[in-house]
Structures are given as structure tokens and as C-alpha cells.
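Participant: Which chain is which? The protein sequence lines are A and B, in order. With the numbering used here applied, the first sequence closes on residue 268, and no number is skipped along the way. With the numbering used here applied, the second sequence closes on residue 241, and no number is skipped along the way.
Keep in mind the hints are simulated off the structure, nothing from the lab. Some hints here could point you the wrong way.
As the list claims (entries may be wrong) - Just some of the chain A residues that point at chain B, by a computed CB distance under 7 Å: (1) S99; (2) F100; (3) G103; (4) F152; (5) M211; (6) T212; (7) S214; (8) S216; (9) L258.
This one's a predicted model, so the numbers in the text were calculated from it and none came from an experiment. Every residue gets a Cβ at the ideal spot worked out from N, C-alpha and C, and that includes glycine.
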Amino acid sequence: MDILIDIFSQGYMQRAFFVALLISIITPLIGNVIVLKRLSSIGDALSHSSLAGVAVGLCFGFNPIISAIILSVIAALIIEYIRGAFPNYSEMATAVVLSFGVGIAAIFSGFTGNAANFDNFLFGSIIATSIFDLYTVIIMSVIVIVTVLILFRELFYITFDEEGAKLSGVSVKRINLVFTIVTAVVVSIAAKTVGALVISSLMIIPVACAMTVSKSYKSNVMLSVLFAMFFTVSGLVVSSVYDLKPGGTIVLIGIIVLLILLCISKRR
Amino acid sequence: MAILKVDNVSFNYPDKNIIKDFSFEVEKGDFVCIVGTNGTGKSTLLKLILNLLKPDKGNIYIDGENSKNFKSFNKISYVSQKATDFNSGFPATVTEVVSAGLYPKYGFFKFISKKEREKKVLNALKTVGMAEYSDRIIGRLSGGQQQRVFIAKALVNNPSIIFLDEPTVGIDVKAVDSICCLLGDLNKKFGITIIMVTHDISSIIYHSNKILQISDDGNVRVVSSEEFGKETIGKHVHHHN
């Protein structure tokens, strides 16, 4: 207990804790739509594109978060374009963009100079959250939460039945575009704190856990946020006590909980 | 005035001239079945009417409004073959699914009270005989029950026309008969115009009054169900009242 009090009395740790909590709220909000639209790989495609942006930024001396956002948004637009051109093969779009991101990241990461800085984006550096990161995450979280709340009915309808939504007058194309751009921005910002290789898991695993116990769409959304908050808090505590990488610890706890829930739901 | 007017419409897929100079009208209160063998363009025609595809030539009017600029989404509803391609793992309740059907009535950033929404949803579910399933997860219902829920979703908005694309595909025979009876009731009791694409006319012909037949050579004709029944099934068709 003393160790925990000691850890959380540190300013940097409180900041990390707050940022992690915000990310654990916004990622499953996005994740619900992604998982239920069967587009789980979109998180991976965008996170790899954000890594490409980081590599380009570090290479040319821009703010890596800004270049990560720009490249992720471009990647998101490419995904939407390919999905529109091949509507029956939407998974192809994410595979193409993922390869594109990996390719650019691989080429430019060799010229970044400071490899440790690039690694921070691979696995996250939640403990080293700066004041700039803090404000960026707060602003983004407000934007994401407000967007998801305003578009809640539309996102549900599109996720459940895209054709039906279109015939009911929902601006499917416009909302898909807004949602994909928001996803790209969330992925880029969260990559700095929890890591590009981990962020898509944080979108998917809490939703998967919620699906094993939820009784409605609304409860699925709320439960996924609660699961994500639990994984994040427990992951931060465990990683602080045992000096582990926080991003990886958060995801592993999530996977363990998911496996337990799957075993329990199979027995029912 | 005709509630649906298809005026000299043509549509080609890149490799196939599928619809050529189609013209017909549907009156308010009609129950029309669109029939034809596979590949004759039944579903394509429905997609053209619903503006999911753009005709190469001609115009389609729904209640006097050109389908290209159609905005009166609260007048129409659509039921697809959901029971067969539905994601059964989707964590949505029957109430949540039916509530989505209210969207065209209120639109973007407009909301109704929870009480009013629940009342409308319950009424629609009662009409299709699914009221006691309101809290159930949609994916855990049978195909026939799911399709009843999708019909409730179409009904909740009090539409003038309901379009259905092969709604009985993948559903057992008993459930098919009860869904056909339900559609017949909606048409007769509530005066809703029904336009339905189907490949299996035997159950539904007793409830419909017109058949729109697309022949293999691309011609389209509208005949009464009685006449069509005599020609194809070889027996008289008596409407259920």
C-alpha cells in the first residue's frame, strides 16, 4: 500500500494516470463501432500509418505527433476510398494501408537519429507524459466523446445496417468519413502514450470483453469503457510496482480477463 | 395519383443490359410482388427505386417525388434479407433495433422523449406479435422472429410504402406463411402499400393484388394476382380477408 501511495503522490504519475484514464474512455467508444463493423484491423492499419508519420516527423524535425496525425488522416481517407471502390472487400483497404504504413515507417525510421524516441511511439511512454501531451489528450477526448454522443444513433444504425441507415436518410458517407478521421487522430495521440503497437488492442479487447456479458448495445458501450478503465488502472499499478512497460501490461491484463470471461461464458 | 411511378427506366451493369425501358405504376394500397427468374433484375429494380443505384435513363417517382432527390424518408421503409446475412453476434436488443427505424421521422440531432419512443416501439412490436421479446438480443432469435422484428422496424415510422427484398429467404416454411399473413394484414388493415421482390410466389400470391413479372427477355408486365395465379399455379387465387 505504501508503494502505491508513494507512486501516486508523484506529479508525473498522476498525469500519466489521468491521461491513461481518458484514453481508456475514448478508445472503446471508437472500438465498439470498429469491432461491430468487423473492421478490427483498421486500428492496426492506422497505428502503423501513425508510426510512419512519427518516423517522417523525427526524420525532418517536425513535431512527430502532428506528422503522425497527418499521415493517419491521409491513411484513413485512403481506407475510405478503397472501401468505396471495393465495398465487398473492406478488409483489403486496411491491409493495403497497413503495408503502406509499415513501408514508410521502415524506411524513415533508419534516419531518425534518436532510436529511443522512435521506440517510445512503438511501445508508448505513458510515464513520460508531458504537459503538451496532457492537454492534447484532454482536447481530443472532449472532441471524441462529444462526437460519439452526438452521432450515437447514427453510428449504431450504420454499424448495424448500413444500407438501412442510408435509406432512412442517415448521411452514411459523411459520418463514416468523420468517424474514420476521428479514429485516425485518436490512434495518433494515443500511440505516444500507450504505444502504436498496443493501441488497437485497447480499442478491441475491452469491446470483446463487454460482448461476453452485455445485454444491449448501450450496455456494451458502457461496459467496454469500464473494462478499459479497469485494464488501464490495474496495468499502470502493476507496471509501476514491477517496473514493466505500461502499454504491454495493460493489454496483457485485458487479454487475461477476456480469456477468463470467454471460459465462463462457454460454461453457461 | 400513383404512389410509385417508374418511367422509361434503363440500367446496365458493365457486362449486361439488365433493365431496358421499364415503365409501370403502383397505386396507393397495392400489394405488388416483383417476380422473375434469377438474373432478370428484380433486386436491381428495387435498388433503382430506392436510389441505391442510379438509372442510366428515365425517372422514378415516389409519391410524386423524384427518387434522385428523394428526401421524404419517413414515407418509406425497407426490409432486406437480414435473416440470412445478419450478424448474429451483434449485441443489440429488439427495442434498440426497432428504435433505429424511427430515425427518418426525426433526423439528425432531433430527439423524442423516451416515453414516446418506447410507446411507438411497443406498438410496432405488438403489431408483429413480438412485444414479449423487446429486451431480447436480436441475434438470439430465430430467423422468422428476426424478420418480424425487422418488419416492426419498418413499421414503427408509419410509412406509406414498405419495400421488401426476398424477406422470406432462409426462413422455415411455417414462419414464411405467418410472415406472408402479417404482410397481408399490414396491407389490408393499415392500407400500407407493399412492394416485395420474391422468387417464391406460392405463399404470398394469396395476399397480393398485383404481380410485376420480369421475363427472361427483359420485358416487364403487370397482371392481377388472380390472372397470374391461373397462368402459373393453375388454380384460382382467393384473397384472404
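Participant: Work down the list of hints and note, for each, if the structure agrees.
Facilitator: We went through each hint and held it up to the structure:
1. A hinted interface residue such as S99 of chain A counts as satisfied when its beta carbon comes closer than 7 Å to some beta carbon of chain B; here the least separation is about 27 Å, so the hint is violated.
2. Interface restraint check for F100 of chain A: the shortest CB-CB distance to chain B comes to about 29 Å, outside 7 Å, so the restraint is violated.
3. Interface hint status for G103 of chain A: violated, as the beta-carbon distance to the closest one in chain B is roughly 33 Å, over 7 Å.
4. The beta carbon of F152 of chain A comes no nearer than 10 Å to any beta carbon in chain B, farther than 7 Å, and the hint placing it at the interface is violated.
5. Of the supplied interface hints, the one on M211 of chain A holds, with its beta-carbon coming within about 6 Å of a beta-carbon of chain B, less than 7 Å.
6. Interface hint at T212 of chain A: violated, since its Cβ lies 10 Å from the closest Cβ of chain B, which is beyond the 7 Å cut-off.
7. The beta carbon of S214 of chain A is positioned within 7 Å of a beta carbon in chain B (closest approach about 5 Å), and the interface hint is therefore held.
8. The criterion of a C-beta within 7 Å of any C-beta in chain B is met by S216 of chain A, whose closest approach is roughly 4 Å, and the hint holds.
9. Interface restraint check: L258 of chain A against chain B, minimum CB-CB distance 15 Å, threshold 7 Å, status violated.
When each numbered hint is compared with the structure, violations occur for hints 1, 2, 3, 4, 6, 9.
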